[in-house]
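J.: Sequence:
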Amino acid sequence: MGYPLLTHRRLGCVGNVRPTQVGGHSNPGQKREAEGTRSTCRVTGQVDRSECAVRNCWEQWTREGTHVRKTGSGATRKTTKREDRRIVRQALVNSIVTHSTIPADVGIAIVPQTISSHLSEANLKSKHPFRALPLTPEHRQLRLQWCQARSMWNVTDWQKVVFSDESWFVLGTDYNRVRLWRHPGERYNSPHSARTAGVMVWVAIAYDSRST
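For the sequence shown, the working numbering begins at 1 and goes up steadily by one.
Be careful, since some hints might not be right.
Stated by the list, open to error - Taking lysine-lysine and the DSSO-like style, the derived pairs with C-alpha atoms no more than 27 Å apart in a straight line are:
1) Lys127 to Lys160
2) Lys127 to Lys81
3) Lys127 to Lys78
4) Lys125 to Lys81
Simulated from the structure, these hints should not be mistaken for laboratory data.
Starting from the given sequences, assemble the full structure and let the hints guide the process.
T.: Structure, rendered in structure tokens:
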């Protein structure tokens, strides 16, 4: 009889590493006795699985002589595919909605952990919003045009320019405490940027001078 693969669906781990044979035993009862000579921590370190996964695997092996999960074992899915789509749609429509309020918004009685799992399956991650100035598309276009018009300037031209730097002091909500749902690569999209009231303090520098 072969040795069991470490499998634990709740942890999202399906191992392809077989645990080291203990004492060369092939009888499940003998394996249980031999297991006492090796700590669970040591085994978990060798196969890179949690203690719970290792313990469950060995207990099933000694009890049933197999590591294969029974059909239908594990937690039953609490939502339908249609409800899953509604959960994901809610996070896309209102990215700052929390996993605690989504069940009430979509009318589904499930725990927040289940909401997080469904959103994770849709590749939606909970992130802090990117803090930036509230630039409109027109602002961005004007900035791009300004840079393109000066792309061939030399040192003499740039000596006539004053550069400024700003610090933004927030007067409203602390957006470090706000989280939103977004896909990877959407950090700089306008819906995922934080806008709030504040005061801008700036300084300016030129080729041979600066503000005081």
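J.: Would the hint linking Lys125 and Lys81 be met if the CA-CA limit is 27 Å?
T.: holds (20 Å)
J.: Need the status of pair Lys127, Lys160: alpha-carbon distance at most 27 Å?
T.: Given that 27 Å is the threshold and the Cα spacing comes to 42 Å, the pair is violated.
J.: For the pair supplied as a hint, Lys127 and Lys78, confirm whether the alpha-carbon distance does not exceed 27 Å.
T.: At roughly 26 Å apart (the allowed maximum being 27 Å), Lys78 and Lys127 satisfy the hint.
J.: Does Lys127 pair with Lys81 here, judged by a C-alpha cut-off of 27 Å?
T.: Within the cut-off at roughly 25 Å; holds.
In terms of the numbered hints stated before, the structure departs from hint 1 and from no other.
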